[in-house]
Amino acid sequence: MAKTPETEHPVKAFGWAARDTSGTFSPFNFSRRATGERDVQFKVLYCGICHSDLHMSKNEWGITQYPIVPGHEIVGVVTEVGSKVEKYKIGDKVGVGCLVGSCGQCDQCSIDLENYCPKQIWSFNSTYHDGTILYGGFSDIMVADESFIIRWPENLPQNVGAPLLCAGITMYSPLRYFGLDKPGLNVGIVGLGGLGHVGVKFAKAFGAKVTIISTSSSKKKEAIEHLGADEFLVSSDPEQMQAAASTLDGIIDTVSAVHPLGPLLSLLKPHSKLIIVGNPGKPLEVPIFPILSGRKAVVGSAIGGQKEVQEMIDFAAKHNVFPDVEMIPLDYLNTAMERLLKSDVKYRFVIDVAKSLKSK
Amino acid sequence: MAKTPETEHPVKAFGWAARDTSGTFSPINISRRATGERDVQFKVLYCGICHSDLHMSKNEWGFTQYPVVPGHEIVGVVTEVGNKVEKFKIGDKVGVGCLVGSCRQCDQCTNDLENYCPKQIISFNSTYLDGTVTYGGFSDIMVADEYYVIRWPENFPLDVGAPLLCAGITMYSPLRYFGLDKPGLNVGVVGLGGLGHVGVKFAKAFGAKVTVISTSASKKKEAIEHLGADEFLVSSDPEQLQAGASTLDGIIDTVSAVHPLAPLLSLLKPHGKLVLVGIPPEPLEIPVFPLLSGRKAVVGSAIGGIKETQEMIDFAAKHNVLPDVEMIPMDYVNTAMERLLKSDVKYRFVIDVAKSLKSE
Numbered sequence: 001m002a003k004t005p006e007t008e009h010p011v012k013a014f015g016w017a018a019r020d021t022s023g024t025f026s027p028f029n030f031s032r033r034a035t036g037e038r039d040v041q042f043k044v045l046y047c048g049i050c051h052s053d054l055h056m057s058k059n060e061w062g063i064t065q066y067p068i069v070p071g072h073e074i075v076g077v078v079t080e081v082g083s084k085v086e087k088y089k090i091g092d093k094v095g096v097g098c099l100v101g102s103c104g105q106c107d108q109c110s111i112d113l114e115n116y117c118p119k120q121i122w123s124f125n126s127t128y129h130d131g132t133i134l135y136g137g138f139s140d141i142m143v144a145d146e147s148f149i150i151r152w153p154e155n156l157p158q159n160v161g162a163p164l165l166c167a168g169i170t171m172y173s174p175l176r177y178f179g180l181d182k183p184g185l186n187v188g189i190v191g192l193g194g195l196g197h198v199g200v201k202f203a204k205a206f207g208a209k210v211t212i213i214s215t216s217s218s219k220k221k222e223a224i225e226h227l228g229a230d231e232f233l234v235s236s237d238p239e240q241m242q243a244a245a246s247t248l249d250g251i252i253d254t255v256s257a258v259h260p261l262g263p264l265l266s267l268l269k270p271h272s273k274l275i276i277v278g279n280p281g282k283p284l285e286v287p288i289f290p291i292l293s294g295r296k297a298v299v300g301s302a303i304g305g306q307k308e309v310q311e312m313i314d315f316a317a318k319h320n321v322f323p324d325v326e327m328i329p330l331d332y333l334n335t336a337m338e339r340l341l342k343s344d345v346k347y348r349f350v351i352d353v354a355k356s357l358k359s360k
Numbered sequence: 001m002a003k004t005p006e007t008e009h010p011v012k013a014f015g016w017a018a019r020d021t022s023g024t025f026s027p028i029n030i031s032r033r034a035t036g037e038r039d040v041q042f043k044v045l046y047c048g049i050c051h052s053d054l055h056m057s058k059n060e061w062g063f064t065q066y067p068v069v070p071g072h073e074i075v076g077v078v079t080e081v082g083n084k085v086e087k088f089k090i091g092d093k094v095g096v097g098c099l100v101g102s103c104r105q106c107d108q109c110t111n112d113l114e115n116y117c118p119k120q121i122i123s124f125n126s127t128y129l130d131g132t133v134t135y136g137g138f139s140d141i142m143v144a145d146e147y148y149v150i151r152w153p154e155n156f157p158l159d160v161g162a163p164l165l166c167a168g169i170t171m172y173s174p175l176r177y178f179g180l181d182k183p184g185l186n187v188g189v190v191g192l193g194g195l196g197h198v199g200v201k202f203a204k205a206f207g208a209k210v211t212v213i214s215t216s217a218s219k220k221k222e223a224i225e226h227l228g229a230d231e232f233l234v235s236s237d238p239e240q241l242q243a244g245a246s247t248l249d250g251i252i253d254t255v256s257a258v259h260p261l262a263p264l265l266s267l268l269k270p271h272g273k274l275v276l277v278g279i280p281p282e283p284l285e286i287p288v289f290p291l292l293s294g295r296k297a298v299v300g301s302a303i304g305g306i307k308e309t310q311e312m313i314d315f316a317a318k319h320n321v322l323p324d325v326e327m328i329p330m331d332y333v334n335t336a337m338e339r340l341l342k343s344d345v346k347y348r349f350v351i352d353v354a355k356s357l358k359s360e
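Respectively, the protein sequence lines represent chains A and B. Heads up: the first sequence begins at 1 in UniProt numbering, then just goes up one per residue. Heads up: the second sequence begins at 1 in UniProt numbering, then just goes up one per residue.
The shape of chain A in the complex, shown without the other chains (with noise of 0.2 Å):
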């Protein structure tokens, strides 16, 4: 008889899936790999909800396998370990982002980059090396691989640090990378989402003068006075951008839709950067003059490798660098969808998991 997803694997899991490109989430049986020799098995505690998650589930980027359980910033406690581990026990406190796998011999992981490892293995809907579909963390039950697991901090709060593992890594990464963590650098976040107030969270952490650029000025307050940016620019406003040019150290651009780059790109002095971590899905018209005119660059970022996960969620601890979050139960996942797509959050849902999780 053929396996299904609660069959294929002996530990029973139960999750939220969605079944089709309406992206309707509903409740799903399946299971989970036994606990191999370097796998880490916990119970999961609270999975926050990134854009990614909202477009796999309507299988907008073409990748999706249904049925999908997403969810890629997951925490939780440790309930098995195989006989190799090394450095968990049951009880401990830990995460796992995007990664759960890759090649660990290509230049790329010889250098911590798994996340630019040609052979990467997504926490949820990528294929394991088993040859399994893997499901992600709106679930109560996740088992990974050692390396692929965060320890987690004792005085770091799981519910509000799980976004972390994604959105906190997405920005800290090219902060560092691009030498943006120094004090006293003017660094640019355009879009104030999931991403972009962690982005502005770990640049004023860093030392930075931040600059919100956003299209409309009705998130000014709030990100002056609730997330402490220095500056708010509307990037429509001819006058303001005028008054910011060639002022900018660099800048990270968390949009994930068509917009213009002319306006950012005249922000930068020169020699600078502008980051490009979100994914439009269509590609982004850049002018070529002020490319050449100042050496500036257009250049992507992606998570980071674990080593820089890690390193990330430490610091975030050290510097209480939390997360904004709106906490809910597993069953509001199709309102909070729905919400998202409106950016109707502020700024990352975290679902309770264990708290609101039901098997049925």
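One should not assume that every hint holds.
Mimicking DSSO-like on lysine-lysine, the simulated pairs with C-alpha atoms at most 30 Å apart in a straight line are [said to hold, decoys possible]:
| # | chain 1 | residue 1 | chain 2 | residue 2 |
| --- | --- | --- | --- | --- |
| 1 | A | K307 | B | K182 |
| 2 | A | K209 | B | K119 |
| 3 | A | K119 | A | K307 |
| 4 | B | K182 | A | K119 |
| 5 | A | K282 | B | K269 |
| 6 | B | K269 | A | K182 |
| 7 | B | K269 | A | K119 |
| 8 | B | K182 | B | K318 |
| 9 | B | K119 | A | K269 |
Take a look, some chain B residues computed to stay more than 10 Å from chain A by CB distance [stated by the list, open to error]:
| # | residue |
| --- | --- |
| 10 | T7 |
| 11 | K12 |
| 12 | D92 |
| 13 | K93 |
| 14 | D159 |
| 15 | A217 |
| 16 | D230 |
| 17 | M327 |
Cβ pair distances, simulated, as ranges [to be verified]:
| # | chain 1 | residue 1 | chain 2 | residue 2 | range |
| --- | --- | --- | --- | --- | --- |
| 18 | B | K318 | A | D230 | 48 to 54 Å |
| 19 | A | A245 | B | E225 | 45 to 51 Å |
| 20 | B | N111 | A | E86 | 48 to 54 Å |
| 21 | B | S246 | A | A34 | 33 to 39 Å |
| 22 | B | W61 | A | A245 | 18 to 24 Å |
| 23 | A | K282 | B | D352 | 48 to 54 Å |
| 24 | A | A243 | B | V258 | 28 to 34 Å |
| 25 | A | A245 | B | M327 | 40 to 46 Å |
| 26 | B | D237 | A | D20 | 38 to 44 Å |
| 27 | B | D237 | A | G104 | 30 to 36 Å |
| 28 | B | W61 | A | K282 | 24 to 30 Å |
| 29 | A | W61 | B | F63 | 42 to 48 Å |
Simulated from the structure, these hints should not be mistaken for lab results. Just so you know, even glycine gets a beta-carbon here, dropped at the ideal spot from N, CA and C.
The hints should help you fit chain B onto chain A, whose structure is shown.
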């Protein structure tokens, strides 16, 4: 009486100018300023023709002031120096490239990056400090502030070396700045014209393994046998692209027409850069996924600072990096421009000014 090009300065000079958007050149009497205390005046022996001269002669960028005397790869012999000039004397061989002025105090200038100074003054068609329009090297006499004059190495030919002053520095600067000057790296050069062929030569001199990327196979033999490229890739051939995927440490793209960037990005290793040095008339489309999934960059570069230009000339002299040129008399310039439009030159026209320019 209003000043004309012929009367505005005390030193009689002669050149060829384009007078309207047809871009047709004809003789013109102009004048040069008196040699100021920091100026170096020189008799022009040779001047290279760059595609920018062609663009400007036809006002394709919208800021040409007619009559325009282009030419910015200018070499010759010093005829007079101002009383505060320290570095040059009569009889010295010198050159002047694209820049004849800058503010000397901004962040860029103080880092020897006059080419990124917002107040840079180009050798032709720019307004000089005295309010007059500059005329370039399609003329018999040139005068420039000593700061912007390049000392020409002994035993280094002036005629074939002239194009280094623009084409040369345009390729040398990004090879150095983006770290593509280390032996053994894999460097791609897109386009095999004036810029591309010099880029191949510099990259080989740095010890790189050079891949020329072109839209047609017709230039392969020339690229490999004559210019010394190691590989040749036809960018419209999917099999060749696939085989070359993720192999290049960096690419310098000299193409000045709109062209697809996705194939070029696919050739880059993660963290590699696609350096644009050509100026297409329209924005280019950047596919975002390759940038994100490989942390790749699209970046611009424009000529180089004066210190860097001198360094490049000295390097070229030491390592025998010489452009391939076709010498022409001044009155061939209109035909040369027509041929340049069709890329019918191997690989740079150089006007034998001293021999052929006769005042009328």
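For each hint, the structure was consulted:
For the suggested pair K307 (chain A) and K182 (chain B), the alpha carbons sit about 28 Å apart, so the restraint of at most 30 Å is met. A distance of roughly 27 Å separates the Cα atoms of K209 (chain A) and K119 (chain B); the hinted pair therefore holds under the 30 Å criterion. A threshold of 30 Å between alpha carbons decides the hint, and for K119 (chain A) with K307 (chain A) the separation of about 18 Å falls inside it, so the pair holds. Restraint check: the Cα-Cα separation between K182 (chain B) and K119 (chain A) comes to about 29 Å, which is no more than 30 Å; the hinted pair holds.
For the hint pairing K282 (chain A) with K269 (chain B), the CA-to-CA distance comes to about 22 Å; that is within 30 Å, so the pair holds. Of the supplied pair hints, the one linking K269 (chain B) and K182 (chain A) holds, its CA atoms being roughly 28 Å apart against a limit of 30 Å. With a C-alpha separation of about 15 Å, the suggested pair K269 (chain B) and K119 (chain A) falls inside the 30 Å cut-off, and the hint holds. For the given pair, K182 (chain B) sits about 17 Å from K318 (chain B) by alpha-carbon distance, which is consistent with the 30 Å threshold.
Under the criterion of a C-alpha separation no larger than 30 Å, the hint pairing K119 (chain B) with K269 (chain A) is consistent with the structure, at around 15 Å. No Cβ of chain A approaches the Cβ of T7 (chain B) within 10 Å, the least distance being about 34 Å, so the stated non-interface status holds. In this structure K12 (chain B) is separated from chain A by more than 10 Å, as the shortest Cβ-Cβ distance comes to about 35 Å. Here D92 (chain B) stays apart from chain A, with its beta-carbon at least about 31 Å from theirs, past the 10 Å limit.
K93 (chain B), annotated as away from the interface, keeps every beta carbon of chain A farther than 10 Å; the closest lies near 30 Å. The Cβ of D159 (chain B) sits about 29 Å from the closest Cβ of chain A, beyond the 10 Å cut-off, so the non-interface label holds. Every CB of chain A lies more than 10 Å from the CB of A217 (chain B), the least distance being 27 Å, so the non-interface label holds. Look at D230 (chain B): its CB is around 21 Å from the nearest CB on chain A, clear of 10 Å, so calling it non-interface holds up.
Look at M327 (chain B): its CB is around 30 Å from the nearest CB on chain A, clear of 10 Å, so calling it non-interface holds up. The beta-carbon spacing between K318 (chain B) and D230 (chain A), approximately 49 Å, falls within the hinted interval of 48 to 54 Å. Checked against the given bound of 45 to 51 Å, the beta carbons of A245 (chain A) and E225 (chain B), roughly 48 Å apart, stay inside it. Checked against the given bound of 48 to 54 Å, the beta carbons of N111 (chain B) and E86 (chain A), roughly 49 Å apart, stay inside it.
Hint check: S246 (chain B) to A34 (chain A), Cβ distance near 36 Å, so the stated range 33 to 39 Å holds. Here the CB-CB span from W61 (chain B) to A245 (chain A) is close to 21 Å, well matched to the stated 18 to 24 Å. Roughly 51 Å separates the CB atoms of K282 (chain A) and D352 (chain B), a value that falls within the hinted 48 to 54 Å. For A243 (chain A) and V258 (chain B), the hinted distance range of 28 to 34 Å is satisfied, since their beta carbons lie about 32 Å from each other.
For the hinted restraint 40 to 46 Å between A245 (chain A) and M327 (chain B), the CB-CB distance of approximately 44 Å keeps it satisfied. In this structure the supplied range 38 to 44 Å holds for D237 (chain B) paired with D20 (chain A), their Cβ-Cβ distance being about 39 Å. A hinted range of 30 to 36 Å for the beta carbons of D237 (chain B) and G104 (chain A) is consistent with their spacing of about 33 Å. For the pair W61 (chain B) and K282 (chain A), the beta carbons lie near 28 Å from each other, so the given range of 24 to 30 Å is met.
At roughly 43 Å, the beta carbons of W61 (chain A) and F63 (chain B) sit within the given window of 42 to 48 Å.
Of the hints listed earlier, there is not a single one the structure fails to meet.
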